[in-house]
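K.L.:
Below are the chains, spelled out letter by letter.
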Amino acid sequence: MATILFDGVAYGMLLFVLACGLAVTLGLMNFVNLAHGAFAMAGGYVTVVLMDKWGVPFVACLPIAFLAAAALGLVLERTLYVHMYGRSPLEQVLFSIGLVFIAVAVTDYFMGSSQRNIQLPAWLQGRREVLGASIGIYRSFLIVLCGALALVLQLALMKTRFGSRLRAAVDDARVARGLGIPVGFVFAATFAVGSGLAGLGGALGVELLGLDPYFPLKFMVFFLIVVTVGGTSGLMGPFVASLLLGVADVAGKYYLSSALGGFVIYVVLIVVLVLRPHGLFARAR
Amino acid sequence: MSASTSLQRRARWRVAEIVFWLVAFGALFAPAGKHLLLNEIAILALFALSLDLILGYAGIISLGHAAFFGAGAYAAGIFCKMVMPDPTAGLLVAIIVAAVLGFATSFLVLRGSDLTRLMVTLAVALVLHEVANALPDWTGGADGLQGMTVGPVLGTFDFDLYGRTAYAYSLTTLFVLLLLARLVVRSPFGLSLMAIRRNPLRAAALGVPVHRRLIAAYTLGAAYAGAAGALLAQTTGYVSLDVLEFQRSADVLLTLIIGGTGWLYGGIAGAIAFKILQDVLSSTSPQFWMFWMGIFLVVLALVGRERLTTGARGLVARVMRS
Amino acid sequence: MLRRELLAIAALSVLPSVASAQETVKIGLILPMTGQQASTGKQIDAAVKLYLAKNGTTVAGKKIEVILKDDTSVPDVTKRLAQELVVNDKVAVLAGFGITPSAKATAPIATQAKVPEVVMAAGTSSITEDSPFIVRTSFTLAQSSVPMAEWAAKNGIKKVITLVSDYGPGIDAEKSFTEKFKADGGTIVENLRIPMRSPDFAPVLQKVADAKPDALFVFVPSGTGAQFVKQFVERGLDKSGVKLIATGDVTDDDQLNGMGDAVVGVINAHNYSAAHDSAANKAFVDGFKKANGGLRPNFMAVGGWDGMHLIYEALKKTKGDASGDKLIAAMKGMAWESPRGPISIDPETRDIVQNIYIRKVEKKDGELYNVEFATIPNVKDPVKAAKKK
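Protein chains in written order, with the working numbering: chain A, 1 to 285; chain B, 1001 to 1322; chain C, 2001 to 2389.
Check each hint, because a few of them may be wrong.
Computed cross-link-like contacts, DSS-like style, restricted to lysine-lysine with a CA-CA straight-line distance of at most 27 Å [said to hold, decoys possible]: (1) C/Lys2317 to C/Lys2054; (2) B/Lys1275 to C/Lys2026; (3) C/Lys2384 to B/Lys1081; (4) C/Lys2114 to B/Lys1034; (5) C/Lys2090 to B/Lys1034; (6) B/Lys1081 to C/Lys2175; (7) B/Lys1034 to C/Lys2387; (8) C/Lys2387 to B/Lys1081; (9) B/Lys1081 to A/Lys218; (10) C/Lys2363 to C/Lys2154.
Okay, the calculated beta carbon distance ranges per label pair [stated by the list, open to error]: (11) C/Lys2054 to A/Leu67: 44 to 50 Å; (12) B/Phe1107 to A/Tyr85: 31 to 37 Å; (13) B/Thr1284 to A/Asn30: 34 to 40 Å; (14) C/Thr2375 to B/Ile1096: 32 to 38 Å; (15) A/Pro57 to C/Asp2286: 32 to 38 Å; (16) B/Thr1005 to A/Gly163: 53 to 59 Å; (17) A/Pro57 to B/Ile1295: 34 to 40 Å; (18) A/Asn30 to C/Lys2364: 54 to 60 Å; (19) A/Ser88 to B/Leu1277: 17 to 23 Å; (20) B/Ile1096 to C/Asn2191: 35 to 41 Å; (21) A/Ala148 to C/Pro2342: 56 to 62 Å.
Which stretches of chain B does chain A cover? Using the computed rule of at least three CB atoms under 8 Å from a CB of chain A, they are [what the hints assert, rightly or not]: (22) 1254 to 1264; (23) 1288 to 1294.
No wet-lab data here; the hints were simulated from the structure. Owing to the predicted nature of the structure, the values given are computational and were not obtained by experimental measurement. Ideal Cβ positions, reconstructed from N, Cα and C, are used throughout, including at glycine.
Looking at chain A on its own, in the form it has when it is part of the complex (with noise of 0.2 Å):
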């Protein structure tokens, strides 16, 4: 079914885009954050209250999402973050989820508990029929939008000196200090780009997963097994995992009883792990 494909994929890429900030952080600073989800959130309510009470468009949102939640993460990281970083995982997940805790009751004191909705522009609603398949504007201007990021993010990755001394901090901070390579301002910098990308996400994702204030919560357990799948050492493997997860999940619930489809992910998971335990682009190490 095309459009069950196509769906698929749509949800996928905001998945990739959602938690690939989350891969990258656990790869370079081996820190858990399961706060992440939290930035996605604050994304999403910043796109919908510049929508509600100042119509901003809606596409002239979404940079800004990125840039406040990229400025969130900054703040955060260079107050509280940098604190952990030595820590045990324990200690790292006692206080990301303490954090998520914050974020999600001062998100509900503010903007209430009822589930957030936006009006999408007119040319982002509808259906389009291609080659026979029936799919939505708004889930191709996803793939096409984050298409594009994966493949900027990739190329900053792999051609830009930052993304060259962000490699080399991941794959060893003290020998890429030791070469005078700014591993703080590394791990602050990349922090923030991923949290602004969560933020991009978040706010992407309104329409389609929406939006309250348990979102980080509900969510969580989706990025995190995005960046299982995908292993934590590039980009590629949390894209194609993300791509996997998105397909698995919709074809699963389309094909199967809705009963059983809602596992399908889980055993997707299970599997993987079984079969390759570092996830499925592992370097080895």
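Chain A is fixed; fit chains B and C onto it per the hints.
P.N.:
Quick look at chains B and C alone, frame taken from chain A:
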């Protein structure tokens, strides 16, 4: 001090431990009021203890420990409803069911990094949640298991409205299982687990059958979690899908981290702190307890639990000495 | 002398003292104030506060005190809170209960302690059968689904696919709609269920698009409706001739305005609309909006309002006697004009009997409302009514 003497010292009962248990059992006779909360603390403590066995002693990080808790709860519930209402029998059945489940899934956590294990355990719990939802004839589905009328403990003590019997039942189970855990942990088996947690390669080089030990530890942890789940089912007389929810696994992990891993009493300490904090925050500001809880966790993480416990221990030592 | 006093105090502290001996009647209000159902909790809490503000806190010579507790929608927490409220705070009435498992878990407490349990939100039919002390002022899914099925059959809809969330109320809605629709001569093409935590309706809507029924009957819990309608429209289903019919939970007043024009024209059946044309409702909606920053009350809020009214009127009837048996006896058969219309408590089942309205979503003064165009009066819960036959 030789190795054997230091091990013997660790195995002895400390004064603080004895005092603690006296107070815990003494609370049974306190005036009615808080026994329900105490019962919940005891159940959470047992659940956290079960996680400590696999996390603090075997080094397996699990985000899905609720799978065994839930399995035990449903086993006890279905047993009570369909076979026999006696709680002790139900408890034993639940332990066995959870242990079998733990054994079956233990093979999945043997390989991979910490993150892999985290995700696999999470996935197992989520799959189990979906399975429970998909079998409403057995589990009651989203409505929960109906029709559980739990019989009196040991044939004589009925579960009362004040929760006194519940607390006594849970506390005794916790005590017995803790005694057992103490024995296991001080045994060569337990020591080998600690060696594995510190450095699996080195342990393997020493001839410790790492995989077999991990499977055994995981099964034991699962069995304990199943016991905790059964206690919850029996003392509340009801089982719903959220015994398998991610929130349960997250809560117990938090509880254990707060209390401290690797010293058996961490689960109990964490449970007391977590539940009381939750209760106090919840009644003072029902809408914002999540916020204060989050602040507490962040501050605790930043300050560092280590500093807190060493600070506390230093204080106690100074008091003891003077 | 001292020993006797001590013994007396000890005895009193162990016995559950009957609330009627005191001057204050306490009501334990257990709601989900945080978590997925938080908007339900907030609506009911706001309605209860509004009722107290409008009607004062004294009834039949007794002072009313409401103790609010957050159960985060976890049933064993609900049960523990209920037990503590009864044992420690000595409440005379337990109220609230945002979801079915919470209400069911508390039933044994109500029975054991002989304390009325006023269910203001949960909607599964079987709840009132769990204890002789349970009274409901909210609704049941069957109450809205059966009239919807009847209307559909009468209005030329022959083939329907049902789509519900996979949990108690959803299954109730599916079963009662299916039975009635088939009995009236219609065909159910397929019964689809979606898991509660599903973020994406795409796959299941694609199934509907492929099957092309006359209508799609939907139930999703309040809060998810907006997401669903969006995706329905996004898939082009509204233009493909598939009519969308639903229970009013989908077009929840709380969310309706945010859904956009996509939802105009959706026909649904429910017990309450903020646009209901009566003086009582106008006063209720205006008061609610004023006290809550423009927030519109929804069917959950009206359940809370009527729950409080029921407790107050029962206390007046028993002349301040707050013992469980007397209150329940007073509550049975009570009837009054609610903001939703005329309602009463069925003396046999202790469940609510109310009008069900068939409504269409329309735009009025720039806002979206469920505008009622047909009324089915005095609907008893069909599931329990069927059991009697």
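K.L.:
Is it true that the CA of B/Lys1034 sits at most 27 Å from the CA of C/Lys2387?
P.N.:
Between B/Lys1034 and C/Lys2387 the Cα gap is close to 42 Å, so the pair fails against 27 Å, i.e. violated.
K.L.:
Is it true that B/Thr1284 and A/Asn30 lie within 34 to 40 Å of each other by Cβ?
P.N.:
38 Å, holds
K.L.:
Can the restraint linking B/Lys1275 and C/Lys2026 be considered satisfied, given a maximum Cα separation of 27 Å?
P.N.:
25 Å, holds
K.L.:
Given a hint of 35 to 41 Å, does the C-beta separation of B/Ile1096 and C/Asn2191 actually sit inside it?
P.N.:
37 Å, holds
K.L.:
Between A/Pro57 and C/Asp2286, is the Cβ distance one that fits in 32 to 38 Å?
P.N.:
35 Å, holds
K.L.:
For the pair supplied as a hint, C/Lys2114 and B/Lys1034, is the alpha-carbon distance within the 27 Å limit?
P.N.:
The given pair, whose Cα atoms are some 21 Å apart, holds under the 27 Å limit.
K.L.:
Can you confirm whether the C-alpha distance between C/Lys2387 and B/Lys1081 stays at or below 27 Å?
P.N.:
Distance of about 24 Å is within 27 Å: holds.
K.L.:
If I claimed the Cβ atoms of C/Thr2375 and B/Ile1096 lie 32 to 38 Å apart, would that claim hold in this structure?
P.N.:
57 Å, violated
K.L.:
CB of A/Asn30 to CB of C/Lys2364, is that within 54 to 60 Å?
P.N.:
Given range 54 to 60 Å: holds, Cβ gap about 57 Å.
K.L.:
Does the structure keep C/Lys2090 and B/Lys1034 at a Cα separation of 27 Å or less?
P.N.:
14 Å, holds
K.L.:
At least three residues with a C-beta closer than 8 Å to a C-beta of chain A: is that true for the region 1288 to 1294 of chain B?
P.N.:
holds (count 5)
K.L.:
State, for the Cβ atoms of C/Lys2054 and A/Leu67, whether the hinted interval 44 to 50 Å holds or is violated.
P.N.:
47 Å, holds
Checked against the numbered hints above, the structure breaks hints 7, 9 and 14 and satisfies the rest.
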